[in-house]
Structure formats: C-alpha cells, structure tokens
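There are 2 protein chains.
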Amino acid sequence: MPARIEDVAAHAGVSTKTVSRVLNGHPSVRAVLRTRIEASIRALNYVPNPSARSLAGNRSYLIALLYDNPTSGSSYVMELIVGVLQACKGTPYNAVLHPFEASDDPVAQIDRFVAHHRPDAVILVPPHANNLKLLQRLDELDLRYATISSRSHQSRIDIGFDERKAAADIVRQLIALGHRRIGHVAGLKGHGAHVWRLSGYRDALRKAGIEYDESLVVPGDFSFASGVAGAKALLDRRNAPTAIFAANDDMACGVMREAHARGLAIPGDLSVCGFDDTPVAMLVSPGLTTVHQPCREMGRLAVEGVLASIRDPALQLQTHVPYALQPRASTGAPAKR
Amino acid sequence: MPARIEDVAAHAGVSTKTVSRVLNGHPSVRAVLRTRIEASIRALNYVPNPSARSLAGNRSYLIALLYDNPTSGSSYVMELIVGVLQACKGTPYNAVLHPFEASDDPVAQIDRFVAHHRPDAVILVPPHANNLKLLQRLDELDLRYATISSRSHQSRIDIGFDERKAAADIVRQLIALGHRRIGHVAGLKGHGAHVWRLSGYRDALRKAGIEYDESLVVPGDFSFASGVAGAKALLDRRNAPTAIFAANDDMACGVMREAHARGLAIPGDLSVCGFDDTPVAMLVSPGLTTVHQPCREMGRLAVEGVLASIRDPALQLQTHVPYALQPRASTGAPAKR
DNA sequence: CATTCTGTTGACAGCGCTGGTACATTTGAT
DNA sequence: ATCAAATGTACCAGCGCTGTCAACAGAATG
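Those protein sequence lines, which keep their order, are chains P and H. Heads up: the first sequence begins at 1 in my numbering, then just goes up one per residue. Heads up: the second sequence begins at 1 in my numbering, then just goes up one per residue.
Note that these hints are calculated values from the structure, not bench results. Values in this document were obtained by computation on a predicted structure and should not be read as measured data. Just to be clear, a hint being listed does not mean it is correct.
Where chains are identical, the list cannot tell them apart; a pair therefore holds if satisfied intra-copy or between any two copies.
Dumping the calculated SDA-like pairs for lysine to any residue here, alpha-carbon to alpha-carbon at most 25 angstroms [claimed, not checked]:
no. : residue 1 : residue 2
1   : K17       : D213
2   : K89       : H26
3   : K232      : P286
4   : K89       : D104
5   : K133      : P2
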C-alpha cells in the first residue's frame, strides 16, 4: 500500500493541509517546514494519488491532445506526442490523446471527449487548430487551449514557426543553385500550410526578380498521389521546370516517383524539395532536401503555454520556434542546356 | 455542472447503488430497472466522473502503453497507438503512454511510472516485451500485462503474427521470380524480429533446395545506416546477390540508397524487399515490396486481451493475427546473364 | 500598550463514486 | 401454505485529497 498524505503529515509532524500546500506549491509555508515536509515525502517515497487529487481539487490534471487520425503514419503527430509527454513529465499533468474521426462532427466529438475525460486544457494541431467553431466551443466550455501553427487570432496561445520564411528559404536555395523555372505542388486549400508555403515560394521568386508564373503552381492535397499528379502536370509542360518545391515531404516523394518513372535523374534532370522533414525524407534516395519542422519543441512549448494559461487565463502567447533547412542530395544545379 | 449518479438515481427512482451496478455491469439488476436506468442516463447525458470512480473503486481505469522512445518517427508505435485508442473507446479505460528513456533502467522507470499513474494494466512492445526482468517486476507489482510479438512464455497475454512464415513468404516470392543468390541484412541480435525473420529466410531457401550461404547474411541493427553498410558488404562480393531481403523497411531503404549510389537499377539489377510496411515503403521509388504488419489490429487485441485478463487473472491468450505480403515495384526477375 | 494586519497553520467537510452490510422482496421446494 | 434460498435494494462509510474558514503568532501601526 503506497503512502498517503496523512503518513507524510505524521512523519513531518504537521497537518495534512500543510503537506498539501507544499505539494501544490502554495507560497505560505515557512521554508523550514517546507524542507522538512519535502524530506518526509522523499523518505516515504510518497506520490499523491491522482484520482483523489482530481476529485477533491475539481481538476483532472489532463491535457488533451487533439489531432487528425493519421491515415498514413503521421510522424508529425508522433513527434508532437513525444514533445508533449516530455513536457508533462515532472508536472502533475498528463496527456490524453484524441484522434478525430473524420466521419463525425468535430464539435460533437469535443463535447463527448470533454464529458468523458474532463481535461483541464487542450492542444490543437492543424487543421483543427484553425477550426473557429471548435475554438469557440472550447471557449464556451471554459477550457484553456493552445494551438500549434495556427496563427489564429482566436487563439490566445499559439506555437508555430515562420513557415512562410522557411518556404522562401528553401526556394531561395534552389534559385541560388541556378534554377529559374521552379514548380510548386501546393498543399490543400484551406490549410494554413498551403497559404504560407505558397506565399514563401512567391516571396523568394519576387526577391530574386523572377516573374511569378501561375501555371507553375499546381494543386495538391498533401498526399503522395497528389504529388505524382502534380509532377505529371508540371513535367508535361512544354517548358518543364528544372526544380519542384512540394508543400510537404509526401508530395515530394510523389514527385520523385514520377521523375523516376520518366527516367529523370534527381537532381541531374530535376531538383526536388519538400517540407516537414518527416522520417521518409532521410530514407528516400536521393535524400530529400526539406525544411525541418521542430515538432517536439512545439509540443513541449504548447504544454508549457497551456499550463501557463491555466495559471493565468488572460495570458497571451504567440511563439515562433526556430526551424532549419535540411539540405540533402535531391537538389543540385540544373543541367546546362 | 454535469449530472451526478445521484441525479440519475432520482430520475429513475432508484438508489445510487443500483445505478452504480448498472454502470459496472453487475448482474443482479432486473432487466426492467436496468432499461429504465439506462434511459435516465441517456436523458441526463450522464457520464460517470472518472476520478471518483477510480478513487472509490481503487482502480485507475488506465492502460499503460510502454514503448521505446522512437528516435526516428516510429510508425509502428503510432499505428499501435491508434489501435489501442480505438479499443479503449467505449470502455471506461484509457491509455497512458510511456516512452522508455534509453538512458535509464527500464525497471526503475516502470516503478516510477506505476507509482505515479497506477495503471490497471500494461502493454509492452518489443524489445521490452522480451525483457524478463521487466515482466517479473510487473508480476511483483501484480499488474496484468500483454506483450506484443514477444512469444515469451513469461507472458500470459501475447499478440503477434507469424513473422517467420511471413519472412519465408517474401523470400519465397523472390525465389519464384528466379532469384538464387539472395542476401539478407539481418536485424539486431537479441530481438525476436532478428531471429524469426532470419529463420524464415532460411526456411524458404531450404524449401527451394537452395543451399544456405552464411556469407550472404550480413548483420544490421534495423537502422537505415546499417542497411547501407549491409548492402555495401553484399554488393562488394565477387558473386553479388541479385536480391536482398532486409529485416525491416528502414534497412531496405538503406540498401536502395547504396544501389542507387552504385547506379544499380531496382529491380533490374537488384531486387530489394523489406519488412513491416511502414509508410516509407509506399513513398520510396520504386515502391518497396514488404510484409504488412497489422499494428492497429495488434494494438486493439492487446487491449482486449489485457482487459480480459483483468477480469480473469488466470487467462492465457496467445493470438496470431493475419499479415499480408505487400508486393510493390522493388522486386522483379533477375537480369539474364 | 492596544489594535490592526499579515503570514502561517490546522480542523473539518466533502468532492462523486463504490464496497459492504443489513434489510426487503421474490423465487422455488416442500 | 410455509420456509429457505436467492435475488435485489437502501444505507452508510470512506477512498485520499483539497477548499473553506477559523485560529493564532508575530509584526507593524497608532
């Protein structure tokens, strides 16, 4: 039977309430007592019972991580989870996962989820981080929440990185290699990632004095198949691009597949780059030049942000984390004509 | 304020205890009453407070999923998580994740984890599913556990699939294509996956009357880099293999990278196949022939198994789930000489 | 010196539920 | 009809903790 707060109190010669104060970081405990109680806690190997804490304190000490049920193993979410779990460690908080079912209304799912788990706070990732109805419902439920890469003004706590600048950086690198006709397989309309990455692409072209050619931008939906389709469209042009920037790694792989099918050498005949630095970027051949998205870090910061906003509900926090270009072998100078 | 059990009892005109019985599936409640109470539950939108339940019932309704902290985004674990969460849905149970820190003793980590979260049951995945010290500690802590793909006789509940047969199947397919010299990049020694996949490889050769050549088997550690190294070793031979079976997809990607570096066409000059069917298998070019490992299903079954073993601690359950060969473009007939 | 204030501590109730036990009702066997 | 056994129900305590509020000491103030 594990030690109870009562045992600690007896051991330290104080009341249970005082021990409770120490556990919860309440300020008005004399340093002497605090030290003595902490010693007793260690001596008895005491760990508070989370259920009792939750029940008495009317808090669940749960942070919900809501994400899209990944059809293909989304390393994005996995990395986020790692960061979130890391950040929860050492706090009394714990993470509960909820993958949204695509088949069901997100708001209804939130309602059900909250009824069952009663999280104290919620972390949302794209695309749901931009779902205003969802955010509104969370406000109504009086739940603190953090969004990741949402840039929504609706959201008090938002963790992201400068996707637009990152996209510009990677395209600028293609330009530096000598490319002038650079195609872009865009992301899913409506996703922030679509807008920002496309904007970055245009920024880089503009800065380099390359005229924006709308026909070099083809639609995609972040899927491998759409990358293949996009590459087909771009490579079928009279004046095919010498480089293609896909809005994520999966689509970049699709582009590589199509190049492969046409017998085009990468990067000799076609340079390809992606975005996200999912594990696949390192595994394909040649290695995929991409932008490393600091998912773990974002997960960590989201937890910290959301915990801070539990303490101070008025808190606002828009954080940008650093990203890094990840150059690999899929980009090179265009072939001389 | 959400409804409490008391409200439901009043609404249905019974005592709280009777409602509690219905909630917990206790048999001795008349059907009429049960129906009436269930109607009241729905009418009031009642959801039991998990903390109160845990506290009073001395159960946490938590299932711990313990896994190796994935260095590269392990889709294996991600898929498992999806399955586990699915299976928890509709039960009062919930999943808590714990990625093992490589730097710290697993047994100590278990102790700390259990002290903090007090899970009712544990699910272990390789390689920890085979850590006998760990299993022993779980027994001491009187925790039910399920292992995934462990084949440990220590474990009462084990979910797996016939890796040996699957490996044999995929090698047999290479043989059917006409390959005779088939290399194998093995997994990490000590992992079950190493042993079974190698055995399967040998089984297939034996069955086809091909003599086992030890020098065609090179060591690996499931990492991309070891796949590259393994391919180097195999392709440097006087009599290089015409096909390579890597013990997992990451290593198969390493093999493809090396083939690519040497200007070998896949599958024209070299056929490559892997194991696991991680997302990367579909994304590389050419698509990687591999064995689809039913992770979600195994996650689901592990939860069901472990819940059953909470009800009946003596229960034994060794389950095999079906796997499927996933043929793609990375394998073909060897070049005529 | 009395008075107020601040900082520190403890007594006690109760969070929402389940387990045990005592009691009520039904069922089956005689 | 009668009784024992089986089935179903009500009541109460208490799981381990925190919130409320009251008590008290010592410091600051008049």
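The hints, checked one at a time:
1. K17 / D213: neither (70 angstroms within a copy, 72 angstroms between copies)
2. K89 / H26: within (20 angstroms within a copy, 37 angstroms between copies)
3. K232 / P286: For K232 and P286, both the intra-copy (20 angstroms) and inter-copy (16 angstroms) Cα distances are at most 25 angstroms.
4. K89 / D104: between (32 angstroms within a copy, 15 angstroms between copies)
5. K133 / P2: between (44 angstroms within a copy, 22 angstroms between copies)
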